[in-house]
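Student: Generate the whole structure from the sequences, applying the supplied hints.
Read in UniProt numbering, the sequence shown has 9 at position 9, and its numbers run on one by one without any break.
Be aware that a few hints might be false.
[As the list claims (entries may be wrong)] FRET-style restraints, in silico, Cβ to Cβ: (1) 64 - 12: 31 to 37 Å; (2) 70 - 34: 19 to 25 Å; (3) 31 - 70: 32 to 38 Å; (4) 75 - 20: 16 to 22 Å; (5) 55 - 16: 18 to 24 Å; (6) 28 - 51: 18 to 24 Å.
FYI, nobody ran anything at the bench for these hints, they're computed from the structure. Note that CB positions come from ideal geometry on N, CA and C, so glycine has one too.
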Amino acid sequence: MHPPQILHEYSTPAAWSAASLIGKSALSCSSLGLPIYPKCRFPFDGETDLHVSGQWLRHDGSQVGTFIVYEIISCSHDFPFKSIRYVATGNKAKFKLSDSAYRPDQQKVKEKLMMPSY
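Tutor: This is the structure we're talking about:
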C-alpha cells in the first residue's frame, strides 16, 4: 500500500489536518528561502501513552522547559496498522538516515498525553 492509499484508507479529520500541516509548513519555509523544519502534530484526537527518546531544553536553569522528541519508540493509540515504512528512491546521497541513537544527552521518557481536538 502506497502512502496516498494509506491516507485515503485511514483518513480522519485529525489525520488530514496533521498531514497537511507538514506540507504547508515545508512549503512556507521553502518559498521564503528558509531552512525547512516541518511542523507536525499527532494524527488523532484522544489519549495515548508514549515512549519516546529526546532531550529537555531549559533556559537559565528554569524548571519549565520544552522536550524535543528525537524518536517515538511506541504509542498506545489504536492505529489500524502496526507500522509504516516509506522508501525513497533516487539519489541516496540526498537522504540522511536518523542518528537519534547517537544524540548526546538523550533521555527516554514515558508520558501519558491528552491530544487536543483541532
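Student: It remains to establish, for every hint, whether it holds in the given structure.
Tutor: Each hint tested on the structure:
no. : hint                : result
1   : 64 - 12: 31 to 37 Å : holds (32 Å)
2   : 70 - 34: 19 to 25 Å : holds (22 Å)
3   : 31 - 70: 32 to 38 Å : violated (28 Å)
4   : 75 - 20: 16 to 22 Å : holds (21 Å)
5   : 55 - 16: 18 to 24 Å : violated (30 Å)
6   : 28 - 51: 18 to 24 Å : violated (31 Å)
The structure shown violates the earlier hints numbered 3, 5, 6.
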